[in-house]
Amino acid sequence: MRQSKLLRQRLVVIFLIGVLLLFSPLIALPDRPQLLFGLPLLYLYLFGVWLLLILAMAWVVRGKANE
Amino acid sequence: MLSGPLVVAASFLYLGLLFAIAYWADRRADSGRSVISNPTVYALSLAVYCTAWTYYGSVGRAAATGIGFLPIYLGPTLAATLWVFVLLKMVRISKSQRITSIADFISSRYGKSHLLGGLVTVIAVVGVLPYIALQLKAISSSFTILIHYPDVLLPGVADTLPVWQDTAFYIALLLAAFTILFGTRHLDASERHEGMVAAIAFESIVKLVALTAVGVFITFGLYDGFGDVVYQAQQAGHLKTRLVPEGSADIWLSFSLLSALAVLMLPRQFQVAVVENSGENQLRRAIWLFPLYLLLTNIFVLPIALAGQLEFAGIGVDADTYVLTLPIAHQQQWLALFSYIGGLSAATGMVIVETIALSTMVCNDLVMPGLLRRWRNQAPSMDLSRILLLVRRGAIFVVLMLGYSYFRLAGEAYALVAIGLISFAAVAQFAPVMIGGLYWRGGTREGALAGLSAGFLVWTYTLLLPSFAKSGWLARDFLDLGPFGIALLKPQALFGLEGFDEISHCLFWSLTLNIGAYLIVSSLRAPNAEETTQATRFVDAMKHDRPMVAGLWRGSAEVTDLVSLAGRFLGEDRARESFAEYYTNVRNLDKDAELPADAETVHFAETLLAGAIGSASARVMVASVVQEEPLGLDEVMDILDEASQIRAYSHELEIKSRELEAATAKLKAANVKLLELDHMKDDFMSSVTHELRTPLTSIRAFSEILWDDPEIDLEERKRFLGIIVSETERLTRLVNQVLDLAKIESGHAIWTSSDVDLSEVVRQSIDASEQLIIDRGGELQLNIPDHPAIVSADRDRLMQVMLNLLSNAAKFMAKDSGRVEVRLQRQQNMYKVTVIDNGKGIPEKLQPIIFQKFRQGIEGSANPMGTGLGLPISREIIEHFGGRLSVKSTPEKGAIFSFVLPCGECGADAASDKSGQEAES
Chain A
87 MRQSKLLRQR LVVIFLIGVL LLFSPLIALP DRPQLLFGLP LLYLYLFGVW LLLILAMAWV
147 VRGKANE
Chain B
438 MLSGPLVVAA SFLYLGLLFA IAYWADRRAD SGRSVISNPT VYALSLAVYC TAWTYYGSVG
498 RAAATGIGFL PIYLGPTLAA TLWVFVLLKM VRISKSQRIT SIADFISSRY GKSHLLGGLV
558 TVIAVVGVLP YIALQLKAIS SSFTILIHYP DVLLPGVADT LPVWQDTAFY IALLLAAFTI
618 LFGTRHLDAS ERHEGMVAAI AFESIVKLVA LTAVGVFITF GLYDGFGDVV YQAQQAGHLK
678 TRLVPEGSAD IWLSFSLLSA LAVLMLPRQF QVAVVENSGE NQLRRAIWLF PLYLLLTNIF
738 VLPIALAGQL EFAGIGVDAD TYVLTLPIAH QQQWLALFSY IGGLSAATGM VIVETIALST
798 MVCNDLVMPG LLRRWRNQAP SMDLSRILLL VRRGAIFVVL MLGYSYFRLA GEAYALVAIG
858 LISFAAVAQF APVMIGGLYW RGGTREGALA GLSAGFLVWT YTLLLPSFAK SGWLARDFLD
918 LGPFGIALLK PQALFGLEGF DEISHCLFWS LTLNIGAYLI VSSLRAPNAE ETTQATRFVD
978 AMKHDRPMVA GLWRGSAEVT DLVSLAGRFL GEDRARESFA EYYTNVRNLD KDAELPADAE
1038 TVHFAETLLA GAIGSASARV MVASVVQEEP LGLDEVMDIL DEASQIRAYS HELEIKSREL
1098 EAATAKLKAA NVKLLELDHM KDDFMSSVTH ELRTPLTSIR AFSEILWDDP EIDLEERKRF
1158 LGIIVSETER LTRLVNQVLD LAKIESGHAI WTSSDVDLSE VVRQSIDASE QLIIDRGGEL
1218 QLNIPDHPAI VSADRDRLMQ VMLNLLSNAA KFMAKDSGRV EVRLQRQQNM YKVTVIDNGK
1278 GIPEKLQPII FQKFRQGIEG SANPMGTGLG LPISREIIEH FGGRLSVKST PEKGAIFSFV
1338 LPCGECGADA ASDKSGQEAE S
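Residue numbers (my numbering), protein chains in the order written: chain A, 87 to 153; chain B, 438 to 1358.
For the record, the hints were derived by calculation from the structure and aren't laboratory data. Among the hints, erroneous ones may be present.
Stated by the list, open to error - Distance ranges between label pairs, derived from CB positions:
| # | chain 1 | residue 1 | chain 2 | residue 2 | range |
| --- | --- | --- | --- | --- | --- |
| 1 | B | 599 | A | 98 | 30 to 40 Å |
| 2 | B | 1106 | A | 137 | 42 to 52 Å |
| 3 | B | 460 | A | 90 | 38 to 48 Å |
| 4 | B | 1097 | A | 134 | 25 to 35 Å |
| 5 | A | 91 | B | 477 | 26 to 36 Å |
| 6 | B | 913 | A | 98 | 41 to 51 Å |
| 7 | A | 134 | B | 933 | 22 to 32 Å |
| 8 | A | 134 | B | 835 | 39 to 49 Å |
| 9 | B | 933 | A | 90 | 46 to 56 Å |
| 10 | B | 835 | A | 90 | 17 to 27 Å |
| 11 | B | 653 | A | 111 | 32 to 42 Å |
| 12 | A | 90 | B | 470 | 28 to 38 Å |
| 13 | A | 134 | B | 965 | 50 to 60 Å |
Here the structure is a predicted model, which means the values were calculated and not measured. No residue lacks a Cβ here, since even glycine has one placed at the ideal position from N, Cα and C.
Could you build the full structure based on these sequences and the hints that come with them?
In structure tokens, the structure reads:
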């Protein structure tokens, strides 16, 4: 896989963002018993962040494949 | 309708389908159209990470701890972002070194050590075998539950069948057969098992679809969507406590870290991700597709868990079985069967791959070294390839049977049901030496041994033995009170570290002591030659496409010896083929060439063998047939230094040569320009001298006549003297003009710019030239506005131009009916002055020529007094002030000379008008 420095940097950034959103004290914020759209807030937050990370990874990797 | 025989038949049919897929994929691979080279298939094969523990256990964890089942999937998701560093490097190294397993990888890195490989194998087997047993247990339990349809079976009521009635036993046998058939086709264990991987990928699809089907049924069939399930659960009081991550952040963190490590360190993961990889490009899609798979698998886990709690409130059904018991409780027999097949998929996938991985390790790193040690003295020359295969197949069978036995022995014990994370913790011990081996050159064999041993011992003490104690196999005293009553050494509160769950506690201590021992013991001595060689090959693997290889070996060998050695393990034909290919493709030699084996060939032979028997054994075998002179560390370092210096130099050379090219190009361009200018100078010189000579010749000629003949009469004398005077004038004019032009062109002319009234200049020039025109019988017409026309220019120069144009007009106007018209107009932001004569005109071809130096249009026709420099100079002058001088003419219809100048009072617009002028003229 031809990897450009930019691709690797971007993936590291996504990694760090993921760590920040999921493993830092930030996670205490959505940890409430409230429901949003009928679903637990924490649940939505976790799955939402998860999906965003995946989409970000897919976009970064795809973008480079066309170079 | 769902009965025992039906379920049994379905199970075996499904396994038959797996066999068929594997067979089909192998056939396609043999014909060159590999199925598993597809990146999506690769990503799906990575999903073997999700076993029956995911399929059933996630729901169980969700029911018990709410969101606590997620870290096991979030960890690998984040790890995937870093795979472009770690996994890619592992793949590259493993392909070039023909690594067959994780034990091989570690042993190869630290100097090809048998001991290290053996230790890794032991840790893997001890850590993972119970995990295999768990899968078999899941198959057995799910089968039992299903055949009790339509009753929902409660835990504890399940009667374990005797072995010969236990479906799980027959399934285990079938799996052994599958693995042997599709996992040991090649003698080279580092080759891909196409059929097996295709089957695994298929299973990943099945288990995802089954789980989703159950999820959809429950969420949208039993309830009205996610919101409804949540609401009802909340009403029933199941929901409120479900959201907090299990009470402490460190579990959230440590489970994620553990899973992130396990997703590469588990033997089955290493097998599919590294050994079965078909090309580095596959990683691209896997990086995001695998996490996506994990996400999809987990979408319905929470609804299923909540629905199960609502459904079976108070009945005590094991939450792990909700995926199966919920469809049963609602009379959905086909869905239940499908769900069972999904679980079967998840379990069998894991068992197949894990068995292959473990058996390869057992064969290459435990059995073979033992055998080789025995044979080193005897050196049997028989065909070892059959023995090799036999050992491998035997290992597969033994591993599976051991797994099944553990399952039977352990039953419901804690030591089985909690094994998931315990296994993860065991394989996590590989992480420091693996990652250290990839990025740090300083690790030594003893360091790796120390790290692994320390980690393994701590793991055993803090997790494995306590699990035995919790299962009742060991006295609980040592767990509750510490060994020999020493409270500080309590296995799950070591040195007083209390308040952590057992996994986090173990992870902390084991990794700390592992990393600590690894670093400290590695620092006790510098790496030796072998370790340094391997360190370079591993750590620098990404730096060059063809890693610098040989040259790190010295000795003598015969190619025939190497070929026959390879033949003993790989089969004669295969060995010969490989060597021939190597010669033609890699070395560009004739395949029958007779050569002594050099370092590269020996390395090739070693690598070839490593694929079959592991790096350490391959080393030993090759060393036995060659005379090697072991390289000292100094020599190795010298060679490595030299190599890196050469690399640095060649890089510099490249840069220099590129710069040189650029400079040469510039020089060439400059040279061409210089030659041009030289030509122009020559032309100019010859023109000027010619032009000067002509009047000089006349002057001389007439002067000589006057000198020779003093009797010449007055009329003649006056005539000749007149000619001499005018020629002198002409010469003066010429010289002045040449000087003028030279100054203008070289940029040394002095220009003064001021506001000049163009109309006034025009009038003045007309006054000066009027007489000339009248003398020649011509008429002058004026069309000049009264108001001033201010331009920014040099007045004298403008006069020069006007005089030039007017004198030309006068010279060329028609004889006797000559007419010269002068106009001054304003055009947008410019002033245009036009001088029109009604002479013979200038043919189009000659129009550009008249502006060239010393050219006068039709050669010799009109003006022997002209210099040919007037128009060029005028043009330079006008262009200097931002204008254009041009001519329009039709033969026989006269000529129109005009120039434009930007108007001075237009201010800022003047500058931008240069482009307007280009368009206009």
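A quick look at each hint next to the structure:
1. B:599 with A:98: 30 to 40 Å: 56 Å Cβ-Cβ, so the 30 to 40 Å window is violated.
2. B:1106 with A:137: 42 to 52 Å: 57 Å, violated
3. B:460 with A:90: 38 to 48 Å: 41 Å, holds
4. B:1097 with A:134: 25 to 35 Å: With Cβ atoms ~57 Å apart, the hint is violated.
5. A:91 with B:477: 26 to 36 Å: 27 Å, holds
6. B:913 with A:98: 41 to 51 Å: 47 Å, holds
7. A:134 with B:933: 22 to 32 Å: Roughly 41 Å apart at Cβ, these two residues miss the hinted range, so it is violated.
8. A:134 with B:835: 39 to 49 Å: 47 Å, holds
9. B:933 with A:90: 46 to 56 Å: 50 Å, holds
10. B:835 with A:90: 17 to 27 Å: 47 Å, violated
11. B:653 with A:111: 32 to 42 Å: Since the Cβ atoms of residue 653 of chain B and residue 111 of chain A sit about 36 Å apart, the hinted range of 32 to 42 Å holds.
12. A:90 with B:470: 28 to 38 Å: 31 Å, holds
13. A:134 with B:965: 50 to 60 Å: At roughly 53 Å between Cβ atoms, residue 965 of chain B and residue 134 of chain A fall inside 50 to 60 Å, so the hint holds.
The structure fails hints 1, 2, 4, 7 and 10 (numbered hints given earlier, in ascending order).
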